[in-house]
Every structure is written in C-alpha cells, then in structure tokens.
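Chains as they are written, first to last, in our numbering: chain A, 1 to 339; chain B, 1 to 339; chain C, 1 to 339; chain D, 1 to 339.
Take the hints with a grain of salt, since some may be wrong.
Said to hold, decoys possible - What follows is a list of derived Cβ distance ranges for each label pair:
| id | chain 1 | residue 1 | chain 2 | residue 2 | range |
| --- | --- | --- | --- | --- | --- |
| 1 | A | Arg-124 | C | Glu-21 | 33 to 43 Å |
| 2 | A | Arg-124 | B | Pro-187 | 50 to 60 Å |
| 3 | C | Lys-28 | B | Lys-287 | 24 to 34 Å |
| 4 | D | Thr-25 | B | Lys-287 | 49 to 59 Å |
| 5 | D | Leu-131 | A | Gly-40 | 55 to 65 Å |
| 6 | C | Lys-28 | A | Glu-35 | 19 to 29 Å |
| 7 | B | Ala-88 | C | Ser-89 | 57 to 67 Å |
As the list claims (entries may be wrong) - Not close to chain D: a few residues of chain B, all C-beta gaps over 12 Å, as computed:
| id | residue |
| --- | --- |
| 8 | Ala-88 |
| 9 | Trp-95 |
| 10 | Leu-238 |
Hint data in this document are derived by calculation from the structure and do not stem from the laboratory.
Positions of the beta carbon are idealized from the N, C-alpha and C atoms, including for glycine.
Protein chains: 4
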Amino acid sequence: MARRQLLAHLAHVEFFSPKLEESVTFFKEVLGLEESGREGRSVYLRCWGEYYQHSVVISEGPEPALGHIGWRTHSPEALAEAVQILEASGQGEGWYESTPGHGRAYRFRGPGGHLNEVFWEVERYIAPPGLRSTYPARPQRFTGRGIAARQIDHITVASLDVMKDTHWYCETLGFRFMEYSVPDEYPDLIVFAQTTTNEKSHDFGFVADFSGVPGRINHFALFVPETKDLLRAADILLEAGIPIEYGPGEHGMGEQEYLYFREPGGMRVEINSGGYRNYVPDWEPIKWVASQGSNTMYRNTAMPDSMTESFPLAGQSFPEPAAMAKPGVINFFGQPGRG
Amino acid sequence: MARRQLLAHLAHVEFFSPKLEESVTFFKEVLGLEESGREGRSVYLRCWGEYYQHSVVISEGPEPALGHIGWRTHSPEALAEAVQILEASGQGEGWYESTPGHGRAYRFRGPGGHLNEVFWEVERYIAPPGLRSTYPARPQRFTGRGIAARQIDHITVASLDVMKDTHWYCETLGFRFMEYSVPDEYPDLIVFAQTTTNEKSHDFGFVADFSGVPGRINHFALFVPETKDLLRAADILLEAGIPIEYGPGEHGMGEQEYLYFREPGGMRVEINSGGYRNYVPDWEPIKWVASQGSNTMYRNTAMPDSMTESFPLAGQSFPEPAAMAKPGVINFFGQPGRG
Amino acid sequence: MARRQLLAHLAHVEFFSPKLEESVTFFKEVLGLEESGREGRSVYLRCWGEYYQHSVVISEGPEPALGHIGWRTHSPEALAEAVQILEASGQGEGWYESTPGHGRAYRFRGPGGHLNEVFWEVERYIAPPGLRSTYPARPQRFTGRGIAARQIDHITVASLDVMKDTHWYCETLGFRFMEYSVPDEYPDLIVFAQTTTNEKSHDFGFVADFSGVPGRINHFALFVPETKDLLRAADILLEAGIPIEYGPGEHGMGEQEYLYFREPGGMRVEINSGGYRNYVPDWEPIKWVASQGSNTMYRNTAMPDSMTESFPLAGQSFPEPAAMAKPGVINFFGQPGRG
Amino acid sequence: MARRQLLAHLAHVEFFSPKLEESVTFFKEVLGLEESGREGRSVYLRCWGEYYQHSVVISEGPEPALGHIGWRTHSPEALAEAVQILEASGQGEGWYESTPGHGRAYRFRGPGGHLNEVFWEVERYIAPPGLRSTYPARPQRFTGRGIAARQIDHITVASLDVMKDTHWYCETLGFRFMEYSVPDEYPDLIVFAQTTTNEKSHDFGFVADFSGVPGRINHFALFVPETKDLLRAADILLEAGIPIEYGPGEHGMGEQEYLYFREPGGMRVEINSGGYRNYVPDWEPIKWVASQGSNTMYRNTAMPDSMTESFPLAGQSFPEPAAMAKPGVINFFGQPGRG
C-alpha cells in the first residue's frame, strides 16, 4: 500500500465466442453497447459511458473462454514500475505491440494462468455528431437502447487456488483484498475472494475451480447505476427471451446487486449495480460464512448449480455445487432469528 | 359488472396472534404502523397513509389464524344491496354491531369458510398535532419509521376449492377475476386465483389448500409505493434479524413485487409494491402455467415449500409443495430460449 | 356516488398537430408508443401497456389543440344510462358512428366547451408475433424504446370556470372531486381542480383559463410506473435535445411526479409517475393554498409562466402567470419553519 | 499524477454552530447519524456506513462557519511525504496532537484560508451489540432512522480565487481537477470548480466568493446511495418542517443529484446521490457554460440567490447572484432545440 498506485482501473475484457456475429448483435441490441471497430476476427465494443475506444472485445473462438484482461496503469511511471515487478515475478510474457484503441501493452499470466495486460497510452473516444451528449463530460449521449450498460465493472475468474491468486495479484500489483467466503461445512475452504483497484468490493474476483484446468473465467460484469436499472434489465432480458441464470438479487459480499445470464456464444455475463463505496486504504479482508449471505444476502434461495460452471467448460467444476448455497437454506429454516 | 359497484376497497384484516404484544411491537417498530386503539384483547393499527382508524387488527388467540376481512362498500345503498344478496346466498351471519372505527357491519362466510364483513360508516382518522402532515391530503405525515408501509394491499386465503371461492365472490360481490395459475403437470388444477375490487391484480387472492381445514389464511400484504421501498424493507428486516421467507422478487401474475416473512405470532406477512394498473371493466381472466413465471417471473428460483403453509397450521397443506416451483426450474434449464 | 358507476377509465385523447409526421415520429421514437393505424389525416397510437387499439390520436390541424377526449363506460348499461343523462343535460351532440378501434360513441361538450365521447365496445389489441410478451397478461412486450410510457394517465383542460366544469362532470358522470388549489392572495379563486374515475388524484383536471376562449387544453399525460422511470425520461429528453418546460418535480396535489415538455407540433405533454392510491368513495375535496406546495411540493421553485399557456394559444391565458408560483417562493423565505 | 497517491479520502468536516444541541439532535434524528463522543464543546458524529469514529464534528461557535477539513492519507509514508510538501509550501501550521478518533494530524491552510488536516492513524469504529450488522463488512447495521445518510461525500468551500485554490490543492496534494463552470456572460470567470481524490466528480469543491472574507464554507454533503433515497430524504425534510433551499435536482457537473437545506445552526447541508464513476487518471478538466446545465441540468429553474450565501455570512457574496442561473432560463426559452 505504501508504494505508488500502479493500476488505475479495469479497462477491458476479451472473451472468445463460437458465434461471433450473434454475440456482437446481442451486446449491441440487448446490452446497449456501441461497436467501435473490428480487426481480424475480433470486434471491439464500448458501453455508452466509457471514455476510451473499447471495454469489451469479442473474438471468434471454438468455445466460450477468456481472451485477456486489460488494466490501465495510473501513469507512465506506474507502467514502468509494474513491468519491472512483473518481469521479476517470472510471470511476464513481454510486450504486445499493436492493439486498436491503446498503446503497447505488457502481457503476463497470473499464477492461475489467466492472461492479463497492463498499458498506459489510450485513445480517447470522441463521439460522432449523432452520439454527442448534452453533458459536456459524457463521452457519448445516453441512448437508452436495451439495457444500456454504462461501463465495465469487474471480472471474476475461476481459480485453482483462490488464496494463491489473491495474494499474488495483491502483492504484485497492489489490489486491495476486501472480502472472502467459505462454506459452512468447510470453514477453511475459501471458495470466493474479492480484490479491487477502486472503491467497490471488486473489479477482480476469484472463485474456486476444482476442474484442474487453468485460466478459466466464470463471468465478467457490466455496470448500471441503480437497482431500478438492473430490474429494468431483467425485464428487457425476459421480454427478449433470454433466460436469467441467477438473480436479480443482492450479494452480501460488496452489497452488490446481480443479474446473471449467458450471451449467445455461451459466456456468462453479469449486470450489476449498487455496492458500497469503501475508501479505507488499509482495509482488512472480511470473512463470510455462506449462511451469512455472502452470495444471496436474502438467505432464502440457493445459487443454481449451473453458476459453478466456468469457461471453457470442463469436467467437474465443483465437488459439491450446492456447498455455497445449501447452508443458506438449511440455516434459514434452522435459525429463524438472526441478531 | 352491469349493476352497481358494491365494494369500494379492502378496509382491514383481523388476525390472531399467540404473542399479542410482540406482534404489536413488530407492526409498530419494524413495519411502521401506528396504534390507534385497543379493546379487550384486540389492538387496532393503521399504516401512515390510511384514512380510517385502522387497517390491521391483531387479536390474541391460541395460534396464528384469520379473524375476519373487512370491506367498505361503495355507498349506503351498495351496503343495503350487498346485504340483500348475501342474505339470499344463505352465507349471511347477520349484523355485527359494535366495532371501534366503523359502523355496523354485516358478516358472512364465503363458501370456503372465511369470515368477512361489509360496512359503510367509518370514522375518519384525524392526526394529532405531532403527526399532522405538510401535505393537506395526507391523513398523517410520513414518519419513515421502519418499513413505513403506506396502506393495506390485499389478503390471500387458503381455499379448499379455488374456483368455487373465486366464482362465488365475483358473482356475489362483483370482484373482477384477473388471473389464475396451474402447475405444468396439472393443467386443470387451478392452484392460485386473483380477484380484485380495484386497478391491481388482486386485493383478494385464493391459493389451493389440500388440508381439508376451512377458513385458513395464507398471508395478507401491506403496500409500499416503489420497488426501492420494498428493497429497503428487506434491508430493515435483515438488520432486524427477521428471516425473509421468500423474495424480494416479482410475481409474473399482477407484475407485483413481493417480500414474505413471519411476524412474531407466526403469521405470514407480505410487503408488496409495483403491479400493473388495469381499468378494463370486462377483463377476461388470464391463465398462467407455473413455468411461465406466475410465481417467480425470473423463473430461476423455486418458491420455498414453507410458503404452502397456511394458518392455522394443519397437516398436509399441499400434495407436492414444489409443484408450482419445480417446473419453473426444470423448464428454465430445459428451454433456455423463450420468445 | 350511490348510483351505478358510469365511467371505467380515460381511454384516449385526440389532439391536433400542425406537424403530423414529426409529432408521430416523436411519439414513437422518443415516447416509445406504437402506431396502430391511420385514417385520413389521423394517426392512432398506443402505449406498450395498453389493452385497446389506441390511447393517443394525432390529427393534422392548423395549430395545437384538443380534438376530443374518449371515455370507456363501465358496461353497456352504463353507456345507456350515461347517454340518457347527457341528453337530458342538453350538452349532448349525438352518436358518432365510425371510429377505428372502438364502437359507436356518444359525443358531448362539457360546459367549458371541451369535446368528449363515451363508448362501450372496444377492439382488443392483439400483439403480432414480434411484439408478444412473455407475461401472458401484458398486451405487448416491454420494448424499452425511448421513454417507454406504459399507458395514458390523465388530461388537464383549460377552464373558463373551474368550479362550474368540475361540478358538472362530477354530477353528470360521477367523477370524484379530489383536490383543488387557490393562490395565497386570492383564497376564493380556485385555479386548479382534480377529478378522477380511479384511485389516483385525477384523470381529468381543470386549470383556470382567463382567455375567454372555450374548449382549450393545457396538457395530457402519459404514465411511467416509478420515479426512476420519470428521471430516465428526463435524461432521454435532454439527450434528444428536447427542452424540459417544467420538472422533474412533485406536485403536492395527488403526490404525483411530473415532467412537462412540448411535442414537435407544439402541444404540451406530461410524463407522470407516483401519486397516492385513494379508494375512499365519499372523499371530500381537499383545499390547497399555493404556498403549501400544491404545484411544487418542494416549495422552492416557481412554475414557469409558460406553463399557463393553453392550446390553441390565445391572448392572455392568466392575469398573473406567477400567481400560483410566486407565493411559494415568498413563503419559502418568509416562513422557514413548517410543522 | 506520477508520484505516490497522497490522500485516501475525505475523513471528516468540523463546523461551528451557535445552537450546538439543536444541531446535534437534527443530525441524529433527521439525518440519522450516530453520536460517537463529546469533548469540550464539540460533538462527534458518524453516518451509519462509516468505518471510523466520526465524519462530522459540530463545535459550538458564535455563528455557522467552517472548523476544519480532515483528510486521511493513503499510508504512513504518504503522510510523511504530504507533510514535507506542505511544509515546503509555507502553508503548514504544524502538528495537532490530540483528537478523539484519530492520531496526530498535520494542519495547514490552503491559499484561500481554509483549515485542513492530514493524518494516517485512525481508530476503527466497533459497533456495540445493539448496532451490529448482519453484514459482516458493515461497520454498523442500517437503522433506517430519518434520512439515514450513509457516509460523508464532499465539502464545497467559498473561494476568493477559484483557480488559485484549485491548482494549489491539485499540485500540492494530488487532487484530480474534473470540471469547472463559467457564466454565459463571463466566459473567463470560473465560478465553480470540482476536484477529487476518488471516482466521483468532487470531494472538494470551490465556489467563487466575492466577499473578500477568507476561509468560508458554502456547504458540505452527506451521501445516500440512490435517487430514491434522496427523494425520500426530501419527504422526511418536508414532513419535519425543514424548508428545502434547492432541489431535489441534478447538477450537470458530476451528474450528481442534490438536495440543499439549512441545519438548525444555520449551516447549509447537502444530501447527494448518483454521480458518474470516473477512473481516468489523466482526466482533463471539462468546461461548462451555465446555460449547459452545470448547475441545474434540467435547465428550467434558477438556483435561488440564497445559495450564494456562504458561512460565516458576510456582506456581498456574489455580484450577480443569478448570474449562474438566469442564463439557463433565458437560454431555455431562447434555444429550444439542443443536439
């Protein structure tokens, strides 16, 4: 914490889709993103509230999977310092020169095998006349199209060793470790951890993965400002015939409202809103036991087993899919009073 | 529909509590109601937005159960006409003279054994200085205490024959029959029906009861204006240590948002918000199949079996508690796309 | 109140626009209505939540003005009874046979010269495949397009004699008289009155008109369910470059949230949300003094003088345009405390 | 931007009240804060969502005025670096040893004469049993009492030289300069500037002060999460008889919703919600012209002149109080279309 702040924010997520055009159409028409460019078999998109060229990259691939995670640093010096640290860590993969929308990026893989990149130079988004906003500070006008997600919020990867990944990213790049959760029956098994570069509980989450397959992703999230926007999103999905996998509901962890579903290529996407605003620089991570509501704060529904699936799909994702959920339900009927 | 409108609105619900004082304290401190009087072992309460003396009556009793349901008629003539019709129906029980807050009431039992009363004369609530509102049209100022329910919304009784009850109340007292639901596996078994005297889907609901015990109640509901008020109510309950039995969520039927829990005496209470505004006088009832989301519009959670319990508690409430819920889940995973 | 309920609800409003196509495009793209048909120089539109063929009719005309106001009766018998009463009143104009979307209508002019019609037979709206909703009870799916107004809410006409009009409609057709307002300096000058056929404060309002021109309209309103929908509507208007004439704010009268603007043809349209739900059949009208917040409940802004303009535009609409507003401001600084 | 991040967040604001007990009661009962201690003629309070001992300090004084502004640094090293910089700047006033709730603080005055302090050590707030939350990460349970402000948001001081203050704080302590506004008639007169340590548009604002009196405060703000919470706050104030000076409305700058009023001691307090989430480390300040809606985004109301009063009250606060507001109105009628 004492040293320079290295990362400014999560800038973009690239994922693979076996149905590129269907995925792109869904992100534009249902989620409300704008297409900002194409290159090869990749399509670049941005939410209406974003200041750079893109925050979501959809690349054609054989199955839904993580491409890479892009972080913008806090300054050119911070980028240099981050690269130095990453090279020293032995996880560095070198510079990646050309990417539409931002300058050279240094790529590396966390211990869990997830591909990340850090960069400083970005190309600002300038709206064309038809998309200019009446708010001088908005990069683009609010169109209200579909769910109209405002900006990228976070990514949650599947981790073969939650604490190893969590500590590595915190120590290497200065994430704050905010909260973590364990099943009631396995008080020492940390199944979910949240780390962040900002005031929210996480822009980088780690969920336990027992598949043995490295580098998988569970989901990434786009942000809408208020609960009502999230409930409107649920109505848009219902009326568009898109099943809602989980939610709308509130995670106890981070106090964030959630809504999970699958895009046409099979990837899980979350729309989230709310959450606390925590600026404590020396925050000490909070432990949750599932039955306290780490997942469903209302403690009266079980997270569907399907939520433990990560991408690419592998054999067994989780030994007891309901481990995080069942206790909440048992507990609900077992301990009606809660002080 | 052609004749005079008989009922103006649901005026009050009386229920029995084995823990009178605890129930009263809960309704005042957590739900935000005001106590307007006591008589014998009954306590009279009203929500801050109500114009009469009371909308909820809690009477001491051996177990949670329905006392009676009070309906105000549309006029003195409407009361006379209603009494005539009720007497002719053979379900009448005669006049009940003295009740605090309103004039003589004619009592009757529907075919399902539920005790109701109709009356015209009421005593308007006049707020004492400390509770006067700055809005001339408000009966009392908004205190914001606890959940601060604004007014009574509806009652849902347990019915041994849903269609028999539904038709009887519609034909006898002119309720509109709005929507009904059947389990996917039993397309002819109507397990829930909604009837109304107003613009909402129901102020009188009937849920299937297989216990053989007549006159039971499933829950009654208090209204808060918006979704956000309902979610705030959930936070108030969580922080007060009150388990939330079901919700927050949205019923497909009526588009109403729900939040169910048990008050200290054991009775199920609902806080609801939202819902459509339907003024069609010749509305034709809409049929729902459970998997369409009649209960949980998001179609990804099962209503907990406990919700099929009605009061007083009896043996078996429902042959297959999950009948309404499971299909939704099966269907959810079975038919991802829905147009 | 004692007799049969005659009117079920406000069904539609017809207004004239000098820019027919621009007005139609605005109602479809910005307000989110659907076009359901055209005949001659009239275009028929409906909000997504409406059950009949249309709720707004835009007809080509030399200047913005009221066409007619359509009310559906509660039953065929209610229509017969209403017609009898209207003919006896001497204000009847006879039957109007052919109109797309509903059966024969009986037309009449209130004492203030506003053209109305009452009818019973309607053609239900059946959504085409692409617009079918996943909610069986919705007439059409929620598209989320633009402001996505859900249904017509009310109309407010300019009245040469507010109390004369108010009493006539209440006595003739059974409206409930809910609230009225007077300027602080003229305690006997009723400048606004609200009457209703439903649970809200008004679906028919009357604002004082000193122009001497009969039959003018001040505005009509479309409903969105919650405050957040109204604020989203304001953002949509801002980003579409449509000036907001007044609002968003809350009227003390009816507790309704408002947002006023002009459509391309010059007519004032309101988007409103909220409001109380009042089912009291023998309600006694509430008097407001402007400084109590009848107009702007927050009592710290003046209604712009432009709001006193009614259509067709005439010479002087109001002797002292700020009469309703200024007192609120004077009062705000003059009497800080309010109990 | 390149160096270490010095400040973590705004920690507390101290102001003077001539009516200490009345002010304290108001902050507790109406705003919903908790009293965490007293020392001498100072009372320490905190919002329910805050992690330290206090965020608001009310000290007895002859008239409403600013006491001091407290900032927590990002680390002990950051404190050391900040003190070094402040001492070098010649604005330092030295260490201030004993304060309840946090360790030694280094005090300094910005060029405009406003007293600030920076510190690192804090005492965490531990809730007593009755106030413990069911959310492990919440410092205290949500009580829902009154407006129930969640945490301190920002302070806006009156500045004799807006740009001088703005640049000094940015260069000295690393604030980001986000947005600023000029009246339409005086395109070179910057009357308001927003600087921030976090993702919002400002936790430190500077409004032009022409009184010649240094060190004055215009207001400080407490945060509620959503628009609906802010509108509920307005209802609580209205029903408590507290005049609302300005709002509810939305500032174009920062997209923040506002509600301004005076506490019993005379100090202006704001409740705010919403606002964008901007993580761009090299953000370039955005210029607003008043008529664009910098103040009232809806561009149809004038900010009341009273808002230009700062504390302690002095002679003339502003040459043309309506300068920021009038253009908006003129412009509104003058340029109806806005792209």
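* Asked: With d taken as the least Cβ-Cβ distance between Leu-238/B and chain D, does d exceed 12 Å?
  -> violated (5 Å)
* Asked: Taking the CB of Lys-28/C and the CB of Glu-35/A, does the distance hold inside 19 to 29 Å?
  -> Holds, at about 25 Å.
* Do the Cβ positions of Leu-131/D and Gly-40/A conform to the proposed distance bound of 55 to 65 Å? -> holds (57 Å)
* Asked: Minimum Cβ separation between Ala-88/B and chain D greater than 12 Å?
  -> At about 48 Å from chain D, Ala-88/B clears the 12 Å cut-off, so the statement holds.
* **Distance restraint evaluation - Ala-88/B, Ser-89/C, Cβ atoms, bounds 57 to 67 Å** => violated (36 Å)
* Outside-interface status for Trp-95/B - nearest CB in chain D farther than 12 Å -> holds (40 Å)
* **Satisfaction of the hinted span 33 to 43 Å by the C-beta atoms belonging to Arg-124/A and Glu-21/C** => holds (38 Å)
* Honestly, do Thr-25/D and Lys-287/B meet the 49 to 59 Å range at C-beta? -> This hint holds: roughly 57 Å between Cβ atoms.
* To do: Please test the hint of 50 to 60 Å on the beta carbon pair from Arg-124/A and Pro-187/B.
  => Given a distance of about 58 Å, which is inside 50 to 60 Å, the answer is holds.
* Asked: Is the distance from the Cβ of Lys-28/C to the Cβ of Lys-287/B consistent with 24 to 34 Å?
  -> holds (32 Å)
Consistency note: the structure conflicts with the earlier hints numbered 7, 10.
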